[in-house]
Each structure stands twice: as C-alpha cells, then as structure tokens.
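2 protein chains.
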Amino acid sequence: MATQQLASWATSLKYSSLPETATTAASRSFYNWLGCALGGSRHKTTTRAFQALRPFFGPATSTVLGHESKAKADASHAALINGIASHVHDYDDTHLETIIHPTGPVASALLAQAEALDRDVGGEEFILALIVGIEAECKVGLAVWPKHYDIGWHITSTTGSIGAAVAVGKLMDLTSEQMAHAIGIAATQVTGLREMFGSDTKSFHVGRSAQNGLMAAVLASNGYTSSLQALEAKRGWANVVSVSNDLDAQIASLGKVWETEKNSFKPFPCGIVVHPIIDGCIQLHRELKAKDLSTARLKSAHARVHPLVLELTGKKTPKDGLQAKFSVYHGGAVGLVLGKAGPAEYEDRVVTSEEIITVRDKITATADETLGADEAEIVLEFEGGAELKKHVSHAVGSLEVPMTDTQLQEKFVDQVALVLGGNGAKQASSVVESLKGVASIRDLVARILGSP
Amino acid sequence: MATQQLASWATSLKYSSLPETATTAASRSFYNWLGCALGGSRHKTTTRAFQALRPFFGPATSTVLGHESKAKADASHAALINGIASHVHDYDDTHLETIIHPTGPVASALLAQAEALDRDVGGEEFILALIVGIEAECKVGLAVWPKHYDIGWHITSTTGSIGAAVAVGKLMDLTSEQMAHAIGIAATQVTGLREMFGSDTKSFHVGRSAQNGLMAAVLASNGYTSSLQALEAKRGWANVVSVSNDLDAQIASLGKVWETEKNSFKPFPCGIVVHPIIDGCIQLHRELKAKDLSTARLKSAHARVHPLVLELTGKKTPKDGLQAKFSVYHGGAVGLVLGKAGPAEYEDRVVTSEEIITVRDKITATADETLGADEAEIVLEFEGGAELKKHVSHAVGSLEVPMTDTQLQEKFVDQVALVLGGNGAKQASSVVESLKGVASIRDLVARILGSP
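Keeping their order, the protein sequence lines are chains Z and G.
Numbered by the UniProt record's numbering, the letters in the first sequence go through residues 1 to 452 in order.
Numbered by the UniProt record's numbering, the letters in the second sequence go through residues 1 to 452 in order.
Bound conformation, chain Z alone:
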C-alpha cells in the first residue's frame, strides 16, 4: 500500500496544514538551491551539457539559470541543466540521515514546470509542492538507507526521480491514482551509480532525476500507467534496489515527522563528511595566525575521522577541482593554509598549486568508529616540537550548529555574484526571500535575473 498511501497523502495535503517550521525550512532550501544553481551555472560540467544538448531543446518555456543571459529551454532540459548546475560544486543541501541532497532533483523539476504551465504558480503553492517532493524523496530514502547506498547507488538521484515526480505531480494537480502511476514511472528510472563520483556524471544524476520525475508526472497526467504497487511490490523499487527496507514505517510517518525540517546547508562545496575536518582546520588556521606559526614549518597533520570519510573522500592526490571534492586531504590543506574552503578553493589552479600540495601530502587520516559523522579531531606537529590539537564535536552546517540566515545569505551572494555581479546578487537575494508571498514564480525568476 506504500505507493498509494504516498500518492494519497501528497495529493490531499494543503498549505494550511503545513507547520511554519516546514515552510520556513523549505524556503531556506529553495534559497540555498537557487544560489547553488546560479553559482554552478558556468562550471565546465554544466556548460558541456548545455552545449551538447542545445540542439535538442524544445520550446523556450523555462529558464536555464544563469548559463547565458536569460537562456530558456523546454521544461525538461531546463530541469536537467539547472539540476546539474545546482550540484556541480557539491555545495547543495543535505538530509543528514540519508545524505540525500533533496532540493536538487525536486526544485530543478518544479521550477522548470512552474514556468512552463499556462497559469501563474504562487509562492505558497510552489512551497507546498516542494515540500511534498522532498518528503517523498526522503521517506523512500530512509526506507532503504543504508543498504541501498552501500550497494553503490547514488541515493540523491535514485530517490530524487520519485521526489521530483511527486512535486511536479502536485503542481499539475494529478488525481491520487495518476500520482501513484507517476511514482511508478519515476521509480522505474533508477539513475545514479556511486562509481561516477568524481566525474561530470555525478551532477548529471541530479539533473537527470529531475527530468525523470518531470516526465513521469507529465506522462501520468495524460493517463500513462505504471504499477500501483511500484514501491512495495515483490519486484518493485524498494526490493530491487535494496536488500532490506522499512517502507511501511516510513510512509506511515508522512506528515508526522517532517524531513524538510531536517535539511541542512553546507558551508563548504564538497562532500559533507569532510566538513568536520575543514571546520577544524579553519579554526586551526586562525590559531596558527594568532601564534605566528606557519604551515611552511608543518611536519605532520594527523586526523581521526568517521569511517565514511575515508571511504568517500580518501583521494590522496586529486588532480583537479572535481577530484578534490573527494579528498579529505585537500579539504584539510586549504583550511590550514588559506583559512577557507569556498568554491574558489576548489578551482583547479588551487588544487594543483605547490603550496597546497605540500601541506596536503603531510596530512594522514585514520578511521575511528567511535566518532560521529559530524565529528573529527586533528593534531598538528611542527618543526621545533610545537603541537596543536583541535576537536570538532559538531561541524558548522550540522543540525546542532546550523548555518544562520546571515551565513546562508553570504553563501548565496558569494555564488550568485559570479553570474549577476555583487549588486545583482544582493538584489536577487532579497527577491528570493519574498518567495512565500509572491503571486507568480515566473515573475520571481524574471526579477531575480534582473528583468524590468
């Protein structure tokens, strides 16, 4: 019954039933997503996809964010390109219990389709659809976590197709039965192998899952059928993509526990498991300065980390910015040497600079199962015997130490300034902050991009 229960819950939910904590979390999620999508819009991965697929673009209904001045495409291609852009810096949000990046697949599909409809979509309707999509995605993700991820699936996109279908289906006002079919059409498109991490295809997963879900909702709205037991059947999604699941329990918690509220935002554009080390190294950078110690005299740096850190980000010698996202050693090095780890510190020229490589190669790390995923410890030894130690109990960006609205704004403006300039970015920020009250998402996008 999980598929039909999810469909029924999603189609009947009203904005007035949403707790304000959820709508605020959703607004923050969209705000963070938009900054990432604009910030990643001119990355070479995004540009490669845009140029390769431009000959296939259909009617220009939907904005391809920031790639070129006000470029448009059909909703499906806009969803793909915006989805790629939003994930390409690994700077997007994280549902920590599943390490799903929930907003990418859902918002990429939703924004594109909201622009393409022949009516205006208001802010509340948009937020409602965003929330049902994120809830669907995270609940099915929780149902198969962690076995599904262990097998080798990129859980963001494998669940993202389903979330995007539910969100777009909500926007298109599907019946409960159509919604169940949309869930099935999305579920059958299982996109995302972890083997692709470190290549252009990792962010393709996010864009493709947005397309998968969008197409599923569009097909279902025209009567296309799938299975009404797509998620729970013997050979349905959960059983095929995982060796165990608790789908019924997760679906039963819909509307009781809001996954949207558990969404967290990254202060650093790389895998979240590296964040405790970066946080610690940035703190150490400040202490080094205060003590007049230079990393040039560093003998060794040893880190103790959660086991997943080495499994996911154990790359010793990353060759470029993409690979560096999977290197706890690069993250630690830029933290220690530069005192920050923003998109600029993941550019190829920084990853290959001698100063960073020298420090990076002095860093060692061991897995420690007693540590939490947002916890780390690092010990520095210097020539002459000086030693510094830092323990991070909860990294910045964790649920315990969330990014503040001001920090989110700084992150947004930093990224968007690359495309719209400093003033444009600040203007865009204030426009997006008004999301809840806007009458038309189409107008919102035009105002963000600086239309009259």
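Hints were generated in silico from the structure; no laboratory data involved.
Nothing false has been slipped in among the hints.
Treat identical chains as interchangeable: a pair holds within one or across any two.
Cross-link-like lysine-lysine pairs, in silico, DSS-like; alpha carbons within 30 Å at most:
| # | residue 1 | residue 2 |
| --- | --- | --- |
| 1 | Lys426 | Lys70 |
| 2 | Lys316 | Lys234 |
| 3 | Lys44 | Lys234 |
| 4 | Lys234 | Lys315 |
| 5 | Lys234 | Lys362 |
| 6 | Lys319 | Lys234 |
| 7 | Lys147 | Lys234 |
| 8 | Lys289 | Lys390 |
Take the given structure of chain Z and dock chain G to it, following the hints.
Relative to the frame of chain Z, chain G by itself:
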C-alpha cells in the same frame, strides 16, 4: 578493463570485418523492428506518450514513425516514441539466452540520430553501428544473466541504454575514451523494473533506454566524463545491478561469438515463453477442424510448461490486451478458438469476449522443470470422452525453427498495413529490404513513408 575493452572494440570495428551471417541477421532485425515500430505506432500507449510529450519536442530532425503522417521531433523524443511503439505489442525480437529484445533500444536511438546528423548515413555504416550496439547490449546482458533478471530488472532496457550509447557513439565516431565515457553515462541510468510488466511503462522502458543511450553518446561527444571502469568497478554497473557476473569472459568473446546472429523473431505478439503453448494450440485448432470437434464441447485443457511460463505469464483473468500478453491462458484460448494469435487477437474486445473467456477458464497449467523454454505439451478433454494431445518440441520462432523470410514479410506487411495500407506496406517492405545498399538512411525513411 571491460569498459575500455568494449569501447575499443566498438570504435575500431569495420564493416569489412563483419561476417555476412551477422550483417544479414542485423538487416532482418532492423526489418522486424521497423514493422513492429510502425505496427505499434497508433497503439494507445504510444499515443499517450506522444501527446503528453509533444509540448517538449525540439527541432524536427527525426521521424516519429507512423504516428501521424510524417510527424517529426528532435532525435531524443523520436527515439523514445519509436522505442515505445516497437515494443508495445511485445512482438519484437528476442535474444533467447537473455530474453533481451535487442533491436528496440538500439535501432530506436540509431535511426533517430542518423536522421539528425548533418551528413548522410549509408546502409553499411548503419548496419555496423546497429551490430556494435546489439553486441554490447547482449554481452553485458549475458554477463549478469540470470541473477540480474531474477532480482527484478527488465534486462532489455537496463542493457539497452548501454547498447544504444555504443551504437550512437559509433555513428558519431567517438574516440575510444569518449566511447568509454558514453558507456558510463548510459550505465548509470538503470531503467526498468519488471514490476511494470502489464502496464504502459513496460514499453516506456525500451524508449527511455534508447533516449538514455543517445544522450550518453551526445554528452560524451562533447567531452562529458563518467568513469572508465563504469561496468566492472567495485560499485560499477555489473556489481550494483547483479549479485554475480562474468563480465570479463563475455567481453573477451566480442567479435568471436556474434550475438546478433542469435536473434530470433516472434510469430506472436506476447511474451516468448507463451509461444510453445500458442503454437501447439494453433495446431490443435486445425486438428479440431479436421475432426469436426468444437471448443464449445471442451471440458478441460491441461498444459505442461517450463516454470518461467507461470512466473511471467500466469495471469488467470486478464482484463485487456496489455494484461493478456501476460496470460498463457489467453494465448492458449485464442490459439484453440481462433487458430491464430496476431495483434488482432490481443485487442481488448477479443480479451473480454465471452467465447474466449469461456475457453480460457477451462485451461490449467503446471510447471515442469524437465521441459525446455521453447517446449510444451497440452491435453484437451471433450464431453463424450474425446481426448487430443499435442507436444511441441521447439516453438516456431525458436532458433531451431526460425521464422523464414516469407513469414517475416507477412508479419511486416500485416503490421505496417495498419498505418500505410496494404500497398504502402508492400512498398515499404521492398524499400527496407534494400537497406544494405542504400546511400542515405534519411532517404530510406522518406521512401518507406511514401515521400516522392
């Protein structure tokens, strides 16, 4: 090394190295595919997808076969719709060792892209690309068969994305490294759950895998990267989608054993496992006539079948044509009552007719592990004590009893006449038979559809 070996083999293969048995088998495969795609083009499943997605169509480079008079779309949408049409009657080809329907994903992508290129693609080049695609698809399918299918994956589409990528990549003259990336981008889009069998989404799998592969090749041609170990890595395709595989052995057999030559064609538009029963029942229909026995006096019909028959096609009371494809009971009933089992015998009105239902409900079947997959036995009992028995050692359409060229032609004309009329169908048939020698696939398609 499997991914790079496959890429290297596919990019370096020349038409002159192909045995004529392979090029002839490929030509027959394309011929059969085209008939199925035209024959399925006006099925409601195809029409639903066409109408739902038409607002997304890009520049009209590629033919949407038969759906409307000379409709065109961008190559990706043409690949999707033609792929759906070619599979919707379950009448397409079968690689018996894997029950992959190989031509659907590959030819749907290839034809659409061949029309979209800004140069003419000749018949030999087209056949070469078709063969490398089918070989890629069937070799990776063999590598994970049968565990992959047992888990619940629709092996036609999960391997079809890879086959389509290799075929289109060959047509686009990718380098070996680009081809490896294309394989990876295709492999990460694992489309097709068996749970969808019996719904519109089963044939969507075939169309979507064609799109997946086409997009993978197009992205890779523009420098988009994936993994050079996409198939064989610890968390690569084969390990994630199956619990065991012999990828290395299968890849090593490329160019030594031609899977294309093992392709078989269906005389009946339904799951191939039902064919022995249908074949036997059609033979029994003729014997009943000769003996002046009527199915109106049938007391019972009991079949012994391969175990997969009941697992895949055990539907006792199908409600429409789609469900009937998964009912050995319906297949047996139309064979006995009508003496044939073409597309007309799978129309809804036949499935719900009282005459068919009455006979259908008298049929029982038991699984017998001693029988081959193309073998069956059926025993009829009549009021008054008459008994008839039929043993089918190898069903028509099996490798032992392949369809002849004449039978293939009849099948083609039967299907294509629905769209182009009887004369148009015969004209189309003679045009497609000239495939090997044509200078331009674009012209071939125009001539098939009756352009001047």
